Amino acid sequence: QILEERPSWFSKGSLKHDLGKCTPCHFFLRKPGCSSGAKCRFCHLHEDMRERPDKRKREKARKAVDEWEKRECDSQTKSEIASKLANKDSYTRMLLERRLRAKSDETPTLFQ
Numbered sequence: 001q002i003l004e005e006r007p008s009w010f011s012k013g014s015l016k017h018d019l020g021k022c023t024p025c026h027f028f029l030r031k032p033g034c035s036s037g038a039k040c041r042f043c044h045l046h047e048d049m050r051e052r053p054d055k056r057k058r059e060k061a062r063k064a065v066d067e068w069e070k071r072e073c074d075s076q077t078k079s080e081i082a083s084k085l086a087n088k089d090s091y092t093r094m095l096l097e098r099r100l101r102a103k104s105d106e107t108p109t110l111f112q
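Residue numbers (the numbering used here): 1 to 112.
Calculated directly from the structure, the hints in this document are not laboratory data.
There could be a bad hint or two in this list.
Pairs of lysine-lysine residues, derived as BS3-like cross-links and limited to a Cα-Cα distance of at most 25 Å, are as follows [to be verified]:
id	residue 1	residue 2
1	K103	K21
2	K60	K103
3	K88	K60
Owing to the predicted nature of the structure, the values given are computational and were not obtained by experimental measurement.
With the hints as constraints, model all of the structure from the sequences given.
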């Protein structure tokens, strides 16, 4: 009920914006706007949105990263391939970074 009294640009997801723990709404800044309004669980306070590649390009990038991950070769060759993939576009780079981060989180460390 409190959310209904707030301005239209404020959303439920905007509550975490000041903490830096929000997720931007991909629809708010688009022409049709966000249909959820104040009830939206995503943040409406972001002024700029990154352009998301279309589904075909996202699938192609995912497939390339999957193939890179499954490829069996020495670490130097794998690094070189990763470097070439990362230079293709920002979406592929982001996918690679996520995979590498996930791998480093899975690897047990000696000092815990």
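Okay, the hints, checked on the actual structure:
no.: 1; hint: K103 - K21; in the structure: holds, 23 Å
no.: 2; hint: K60 - K103; in the structure: holds, 21 Å
no.: 3; hint: K88 - K60; in the structure: holds, 11 Å
Of the numbered hints listed earlier, not one is contradicted by the structure.
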